[in-house]
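There are 4 protein chains.
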Amino acid sequence: MTEQKATLGVGMIGYAFMGAVHSHAWRSAHRFFDLPLTPRMQVVCGRDATRVAEAATRFGWEESATDWRDVIARDDVDLVDVCTPGDTHAEIAIAALEAGKHVLCEKPLANSVAEAERMAAAAAVAAERGVRTMVGFTYRRVPAIALAKKLVADGRLGELHHVRAQYLQDWLADPEAPLSWRLDKSKAGSGALGDIGAHVIDLTQHITGDRIQEVSGMLETFVKERPVAEDSSGLSATAGAGRGPVTVDDTALFLARFAGGAVGSFEATRFATGRKNAIRIEINGSKGSLAFDFEDMNVLHFHDATLPDTEAGFRRIVVTEPEHQWVSGWWPPGHGLGYEHGFTHQVVDLVRALGDDTDPAPNFADGLQVQRVLAAVETSSDTRTWQEIPV
Amino acid sequence: MTEQKATLGVGMIGYAFMGAVHSHAWRSAHRFFDLPLTPRMQVVCGRDATRVAEAATRFGWEESATDWRDVIARDDVDLVDVCTPGDTHAEIAIAALEAGKHVLCEKPLANSVAEAERMAAAAAVAAERGVRTMVGFTYRRVPAIALAKKLVADGRLGELHHVRAQYLQDWLADPEAPLSWRLDKSKAGSGALGDIGAHVIDLTQHITGDRIQEVSGMLETFVKERPVAEDSSGLSATAGAGRGPVTVDDTALFLARFAGGAVGSFEATRFATGRKNAIRIEINGSKGSLAFDFEDMNVLHFHDATLPDTEAGFRRIVVTEPEHQWVSGWWPPGHGLGYEHGFTHQVVDLVRALGDDTDPAPNFADGLQVQRVLAAVETSSDTRTWQEIPV
Amino acid sequence: MTEQKATLGVGMIGYAFMGAVHSHAWRSAHRFFDLPLTPRMQVVCGRDATRVAEAATRFGWEESATDWRDVIARDDVDLVDVCTPGDTHAEIAIAALEAGKHVLCEKPLANSVAEAERMAAAAAVAAERGVRTMVGFTYRRVPAIALAKKLVADGRLGELHHVRAQYLQDWLADPEAPLSWRLDKSKAGSGALGDIGAHVIDLTQHITGDRIQEVSGMLETFVKERPVAEDSSGLSATAGAGRGPVTVDDTALFLARFAGGAVGSFEATRFATGRKNAIRIEINGSKGSLAFDFEDMNVLHFHDATLPDTEAGFRRIVVTEPEHQWVSGWWPPGHGLGYEHGFTHQVVDLVRALGDDTDPAPNFADGLQVQRVLAAVETSSDTRTWQEIPV
Amino acid sequence: MTEQKATLGVGMIGYAFMGAVHSHAWRSAHRFFDLPLTPRMQVVCGRDATRVAEAATRFGWEESATDWRDVIARDDVDLVDVCTPGDTHAEIAIAALEAGKHVLCEKPLANSVAEAERMAAAAAVAAERGVRTMVGFTYRRVPAIALAKKLVADGRLGELHHVRAQYLQDWLADPEAPLSWRLDKSKAGSGALGDIGAHVIDLTQHITGDRIQEVSGMLETFVKERPVAEDSSGLSATAGAGRGPVTVDDTALFLARFAGGAVGSFEATRFATGRKNAIRIEINGSKGSLAFDFEDMNVLHFHDATLPDTEAGFRRIVVTEPEHQWVSGWWPPGHGLGYEHGFTHQVVDLVRALGDDTDPAPNFADGLQVQRVLAAVETSSDTRTWQEIPV
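Protein chains in written order, with full-length UniProt numbering: chain A, 1 to 391; chain B, 1 to 391; chain C, 1 to 391; chain D, 1 to 391.
Keep in mind the hints are simulated off the structure, nothing from the lab.
Just so you know, same-sequence chains aren't split out, so a pair can sit in one copy or run between any two.
Simulated crosslink set (DSS-like; lysine-lysine; CA at most 27 Å straight-line):
#1 LYS185 x LYS224
#2 LYS187 x LYS224
#3 LYS287 x LYS150
#4 LYS224 x LYS287
Just chain A, with the same shape it has in the complex (with noise of 0.2 Å):
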């Protein structure tokens, strides 16, 4: 007969496109996977009752709740799960750390430097207790960025000397695309620079294992001026108004250097036509380099120069074989993972280093990190200076 696991009580905050993903990991994780805890979906929450209470059915929640503060407040919830926008990482996340709760918190962790250092001091003192935090960086659970990372970690590239990202989307490339919260700077913080930006700044430091050290940025408003969606509360109380105001980049593009001497180039946008969630990498080394891109997500093209000359060239390795990291929870070699997959590796190695009583990566000392990266593209395009980043 089978032992019983002990189990991990869950709160979620949030039931949107974040919710439902988050939902189906904390259903499957322990599925695919040997965990040390078994999650139980004990509560998801939001502010309309009715609605709520149907994700909760749809999503598999045991119950379902209208005020975050009641979650917090549950014995039977271990761990939140912050699924909201940005504006309230801050508050909800602090509070349920407070209260003695593991925090998962969707990314950026925050809409400010000075949000984020909050919470990574509320973190600080929690880990003393041993709650522990994670930020959703989910990109770094793909097996292929793993892999890249394993790559890299083992010399096969050498002295890194560029980077190469780009996080492209288009779904604002028709300027007649209604506005949304997301355009709005008050509860988004930033507009394309956050949104994707701060994913892969996240990656290319997790591959390389280095930091971005100075970035020169440049942020874009391409589109001043949207129709007023017909569901946006805030802005449809403008009376009579069919248009309002983009408030937030629509592309940020930068120059980094990172500490170990590589440079950089990145941009993020959501008017790149015709490239959907296409996250794109590369990076040269001395002896090799590496390229990705989220599109064909299975995938890690890698050149190792060390070959001879007439036999190198890119390599476009499937990474599906049972060795390559989480890859063995799943299906034989050939047969690809999909978007949501990154979010059940989340769940599961959060639930692993609950169980070993290790810090989850990356944590809100990580996210801070990424912040202030963001904070000085942003600083760095208001003022047309070169910014360093605070270690």
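Chain A is fixed; fit chains B, C and D onto it per the hints.
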């Protein structure tokens, strides 16, 4: 308050690779799609009581059982999902149908045309009582394949001339890869032909809406003896022998004529070194062409020859827009799906058909037709003649 | 001062497409490569005196002529380059050989095995007098193909199991594309089979170092009648008829067994909409695989299966390093070659063989062997049986 | 009888890599294209009498010379083709213009803005007398680039938002690669910036029809010292020194704003391991996008965002149809061109402009503008500020 939906009690026979992915589908389908009946994972069945009980826990089945006859006899089981090897399909499926259970059966439908004919006959009888059958040709449920079918059906390819289909794997390329039951004709029926060739036969007929009329085929076993596998009961019985015979094909190739006039070239192999699960389909018509490779499963390449020559080219359609079949249940554009999604879509389509009281596709009659093509290829290879496929 | 090299007087018969590219090769080879003899472009021959004189001026020939017998009779002509349609190859080539001229003949060698046998016999006789022959299978001279052959010869693919070869064009996909002499069997001998299928037969035998032993083939003519071309003398004579019959194959497919045990799947077509000149070859062996597509002609994809599974993958070798065959005559790495370079390399190899007094490859005997494969495919298609190729 | 065309006497200064490919172009252009003047390869000039005489024979020049002033003085020279390193461009080109000779000058136009200004001024004076200038930005003459420009000009991309351009090579990635004059600032002016960065500056401005308005740049020299090359006269004079300093940039990166509102990200490097001559350009507009990579030079990827979302995708246009610029001079569809064809097209366009008495493009004024962008990037890197480019 949400209305309580009727449930569909499911009993699954087998719990290996196919059992794992079918379980995932039964667990997940109603989380992402509106279904007329909510699947209830009643019981999973296998011969080893301990292991099947563990599988039940891991996969989320309420109970386990060791005799499939008990499963069929249960009142709380409405549908039997057959995930066992091919030599047991006929017995289980026919019994289930006779007991009034809907049956979802893994492919190929059977190990012989005779068995498949009995199954199809039983299905026809059962259908008169509203009992439904489905065969697990899940690759039909990849959104890019659905788009391919739609483009052909909409006339976008014009008159079809060429079908080129390959299912390439490489797990037997190493001559020291051990024997398994899959290489034993008495268990598996055939080798690459039935295991993977069946998929491309079904896919090309599905996409074209046409059927294969005649074939000229060639089977080959490159490695005639292999090391006996330690955990392969049947063969390891051979006293003192370190190697045993491979009694199925390593590869199957055939030329084909479709009823509508197109010519086809087919290949299935486990010796295509470097190709892990490459289901590659190309179709050329008078007005356009399609190309698909499962190793990049979220993409369909479409050439529209009605565009000006100077602008025409194969276009890489990332099939993740919400308008594509099944996609609106998942993630935003560019956030790709993986292997198991096809199985989830299979459950969706099956349950919806049951809810509508319509016939799912492909049903056992369709499975029989594929079986006839497989048999014709074998006969053709044996007799070195062209073989017609009976309608 | 540089020593004056001996010259090689060349007379070319025909001045259309092949004439243009052959002229370029004769003009260019000694500009990029050290040759033992400097080609001298003495005379070009065609039936229309005005047009052939214009061609001489444009292409850089010293004189023009209207009777190929006059060309063969000239003392200043050492080599006859036959660029005419296939139905004239035998007569011209045999006469030239008998006159003691080396002969470079376009492919396919002839329109029938009987003709090809006579040509090969004449070549054998001539060879005893040091007179050499070559057949224009120029795609052998693409550096990526030379690398493919080298990798196989070096054992990097291990034992060969699969050969997959397609030559795909689309210029007949439009049913209103007019008739030309290429669609008239009396002139062209065959359709896609001889015109382009011959190339992939030669290429696969060349790369593998093996030969096709038996075939099962299928020819098809999708569009049986086409508009008569206004400038097609023979057919437009048909009184009042707006359309005429297509008497050759639109496509040829065949399965093959190689003498060494590999199985092959071949296809040649002019109906693969969107494929312009796609010569696609894949070879799978026990230790590795190759893939080539002429539409990306400077690249060879190589999978080395002896690498660890976690790192293996098809690598995209850009075949532009100076160590690759012929490449040092050209540009730095990454500066790719084009279609005509194969013809220049053909002249290089031919002239060097003449300088060394060795036999060029492929010679007329090799051309005859390819002709026998073509004939076997036709017979197989007619008789619906497997056909062996005589050695 | 064909009319005898007027000739254009050409004198070429320099006979290394650029000399070889320019010679090929002068030899070949009138063989494939109708030109108003037939080029006559009168004289090639270099300092070493023996070697330049050999080059004349090999490349097909009638005579050789050792003093470029003698070339300029010849009556039978109508055009001077400057293929020397950048530090000699100004002196030779200005003298040639003053002597009334048309000048084709390799890129970059000069090693400094001051030199380039003097050259452009001389060109302006000469133009009044009908004397023409051209700068050798040959990549403009790749048919896929011409198609890119046409699509933008036709409004197919809508309003342009993003320009992404990289010129990636890897020949310096090995830190033991020896010094050459190209790594000596006094000879080469700059490193990757001027040598290859100049090309992508020209290409992006050419394709977009826009100009770069301001830049923020960063230069980096990864390997500061290298082994002295044995055949490098200047540096090997350093007594006893085994290594010498690299005085130019290994890589140059910059952000840019175009006058029309697009933002740009540029990169030029000789350290992108595995990329041999990868000129990669992507442009995103409101209605469509383009992507090009010179490593697949016959292809342009075009995304037409005005198509339905479910069908849109980057299409791989094989730019070999006769309707594309320059292509009708060559081969049938699918028979690709190579690196040197751009140079042949350059001669075609130059000679046609001379025949029409119109100004070729790009002329010295265009070359000066590129020089100003290069200088702005250098200044920006030195001062860590944004720099405007004077109009």
